[in-house]
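Enquirer: Given chain P, put chain R in place with the hints provided.
First to last, the sequence lines map onto chains P and R.
Each residue of the first sequence is one higher than the one before, counting from 2 in the numbering used here.
Each residue of the second sequence is one higher than the one before, counting from 2 in the numbering used here.
It should be emphasised that the hints constitute simulated quantities derived from the structure, not laboratory data.
Heads up, a few of these hints could be off.
No distinction is drawn between identical chains; accordingly, a pair holds when it is met within one copy or between any pair of copies.
Said to hold, decoys possible - The calculated SDA-like cross-link candidates involving lysine to any residue, where the alpha carbons are at most 20 Å apart (straight line), are:
#	residue 1	residue 2
1	Lys-64	Glu-53
2	Lys-64	Asn-54
3	Lys-330	Asp-251
4	Lys-227	Glu-379
5	Lys-470	Asp-437
6	Lys-370	Glu-105
7	Lys-150	Gly-80
8	Lys-438	Pro-422
9	Lys-466	Arg-61
Number of protein chains: 2
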Amino acid sequence: MAKDKKMVEAITSMDEDFAQWYTDVVKKAELCDYASVKGCMVIKPAGYAIWENIQNELDRRFKETGVQNVYMPMFIPEGLLEKEKDHVEGFAPEVAWVTHGGLEPLQERLCVRPTSETLFCDFYAKDIHSYRDLPRVYNQWCSVVRWEKTTRPFLRSREFLWQEGHTAHATAEEAEERTIQMLNVYADFCEQVLAIPVVKGQKTDKEKFAGAEATYTIESLMHDGKALQSGTSHNFGDGFAKAFGVQFADKDNTLKYVHQTSWGMTTRMIGAIIMVHGDNNGLVLPPRIAPTQVIIIPVQQQKEGVLDKAYELRDRLSGFKVKVDDSDKSPGWKFSECEMRGIPLRVEIGPKDMANNQAVLVRRDTHEKTVVSLDELEAEVAKMLDTIQADMLERARAHREAHTYSAVNWDEFVETINTKPGFVKAMWCGDQACEDKVKEETGATSRCMPFDQEHLADTCVCCGKPAKKMVYWGRAY
Amino acid sequence: MAKDKKMVEAITSMDEDFAQWYTDVVKKAELCDYASVKGCMVIKPAGYAIWENIQNELDRRFKETGVQNVYMPMFIPEGLLEKEKDHVEGFAPEVAWVTHGGLEPLQERLCVRPTSETLFCDFYAKDIHSYRDLPRVYNQWCSVVRWEKTTRPFLRSREFLWQEGHTAHATAEEAEERTIQMLNVYADFCEQVLAIPVVKGQKTDKEKFAGAEATYTIESLMHDGKALQSGTSHNFGDGFAKAFGVQFADKDNTLKYVHQTSWGMTTRMIGAIIMVHGDNNGLVLPPRIAPTQVIIIPVQQQKEGVLDKAYELRDRLSGFKVKVDDSDKSPGWKFSECEMRGIPLRVEIGPKDMANNQAVLVRRDTHEKTVVSLDELEAEVAKMLDTIQADMLERARAHREAHTYSAVNWDEFVETINTKPGFVKAMWCGDQACEDKVKEETGATSRCMPFDQEHLADTCVCCGKPAKKMVYWGRAY
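The following block holds chain P by itself, in its conformation from the complex (with noise of 0.2 Å):
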């Protein structure tokens, strides 16, 4: 394969330097490019293709449990941005004034939305009125501003797209169920559609929204073993309501606060997809994420009825989201170019495959090569597709629970954290002085207080005191 030297060559091994072989995939397998605004995107049309499927996928998902999408205005007076203490102290330093509208300075300054519970509270206040309107589960796709002093495409920009769910109910028990609703409905499409295996949890207070009752997240962890949040799900409780006057008047004629929530994904899952199955030819993406989920590549497509055979072979397997690779590039470059780019599988026709009646079906995620006879074609890579997609979810699932440790005391617990990349499992207190520690002591933060609690010991592997929770800790992005 000495032709394909070239382009693989451009990219960084991954073991020798992580992040500049994320840089290089982003760049080479053609997702996003830099914009003249430091710390914004391009979104290149490899990349939106994903968005777009992660958009529909969600956003079916979402309609299925009620969802109705809205749009709301993209600025957020001063004012407004003010009224819950609490979330204006967590947002008001990293968002973008708006000062003067034409020629004219504005009388009052307006950021551009770092997120939208004020906004949603504003409409709320003036649209709720009576238990009858209630639940409202509104949600919108749109783009945040956020002035982050670092970043890097995906994982951290000052804009990005994403869509926030906001509801408002009757009851704080419905508030809850709803909160937890939309993070297993995050879960099950990171699992199923991402093959990213997530750990469901609550954060610490000192990790929670601002201005949530209770936050909870889905953390992956990437191959590099640093800790990915790739979905949160807020409890506001009546904080909000209190704060912006959202009240209803309910059955027994009597006014009461509703009970919020609020929930997103970003485009940062795109860099979770790059780093969790991504290799050192580049890009893999899972066949249920994939814009291309099959390439078919003429080989000597010089040849008589070659190409005629990819086009057929095309017309075929036209369930399938399905391309024919017919430029005039060399079959090495082509092999390569669909490597660097992610795509599930590739089918190579040739003149002898032509005279044998059968195709090679090569695996982007483990290269393996299958001939299979034309007669079972579709059966054949719609089987194959099915198999990447469930060993995709079970390797990453596998990476995780290799570099998943736990750690009983202080010192066990630092050792693990310095030398083995990934999560950490230890007991809390629940003392945000030890998370403080850990922090300032090791980079790592508390990740998660996970769904599924382990007692691996009774103390606190920080301060030694009795234990309340276990928590998942690690290094993230």
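Expert: Positioned in the frame of chain P, the structure of chain R alone reads:
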């Protein structure tokens, strides 16, 4: 139908006050609401569902022509906006300026995109190298901001949603071809899906897009006789390419400038649907864009078997977008509510209908009632939705024909413009002074020089000099 009165009374009659009627429909059909930022809107579920259908229909048509979706940043540095002289003059007076990121003032102001030509050019200048990179046929779905002084929901708001396509081509011919191709996509979409007939033509130099060589437009006529620019497609020639240095190495190894186009359609089309099809009972949606096409209303639903029958019919009609209104409101209230919301077809089913194995179908557009046998239900519903769609287009076309006039001299022109709401066709010398005079003395503007030219007279309707073009004139939103 005394019970319906309350709801219907709440809308102003369109003949009495069209502007107030429009506002009433927007509000009562729950399409959108005002936001806390002046001139911005909250698009509510009923409005956003229409936008989602517009997006799906357009996006599918775009992709069939080879369009790829991308996402560009929402911010444009001031220096970038200024690169193309005509463009900045057109847009700078009406943009929102970001001057602070977090707590720090920015070194260079950023405007919130009013349109993204400059961003695409900046990107293409880096991304296009060779003729092999062409054509680039990119589109994005996003929101844009224009700091308008006078705003109206959907028709003119400070922030609105749209798609903007931006393409780069090797030759002038190919760019012109794409410009016209996309105009035709818009025209076809308006007529076939929105049931809104359009006049296709070219804008005069006075009315063209800031920085364009040629702007093509589709113009539609609202119920009150005012015109609405409904979609535009611009050919930039190589003007932007020269300003931004977008060059490629052609097959002959010489460096050439690309030729560019852009084209857009916005949420104002929701306003067009309201103003073309609506009536004094509210919104009337064409079946192909309606989020709910068929509503089943049980009559005497407390009687045994009625609700079950309604659900059974819903299941049988699952090939359509169908809902049952099983709320505890009265049938009369439900009737006027589904009229207000513009649902194309209503199915009434009660005990007497059940006894006769029939249902009553009521068309939203004509209020016509038809009793159909339940044995024929699916077929009758399909047929009736097709008929409604076709009739709505024909009625809108007939309305436009009846409100399209021609004038061959100044007195006739002014008399027609002032007394007959609608389009006025008249000859024009090509001189902007005449356009200015028309605007000043009648408030009308040149809507377009239609592709279908007619020879109405030899001389300009305004100055009497030799005529060059027939123009559609009208007052416009």
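Enquirer: Evaluate each hint against the coordinates.
Expert: Results for each hint:
1. Lys-64 - Glu-53: Close inside one copy (16 Å) and across copies (13 Å); limit 20 Å.
2. Lys-64 - Asn-54: both (15 Å within a copy, 15 Å between copies)
3. Lys-330 - Asp-251: between (69 Å within a copy, 18 Å between copies)
4. Lys-227 - Glu-379: Answer is neither: 39 Å inside a copy and 56 Å across each miss the 20 Å cutoff.
5. Lys-470 - Asp-437: Within. Shortest intra-copy distance 16 Å satisfies the 20 Å Cα cut-off; inter-copy 76 Å does not.
6. Lys-370 - Glu-105: For Lys-370 and Glu-105, neither the intra-copy (65 Å) nor the inter-copy (56 Å) Cα distance is at most 20 Å.
7. Lys-150 - Gly-80: neither (25 Å within a copy, 22 Å between copies)
8. Lys-438 - Pro-422: within (19 Å within a copy, 75 Å between copies)
9. Lys-466 - Arg-61: Answer is neither; intra-copy 47 Å and inter-copy 61 Å both fail.
Checked against the numbered hints above, the structure breaks hints 4, 6, 7, 9 and satisfies the rest.
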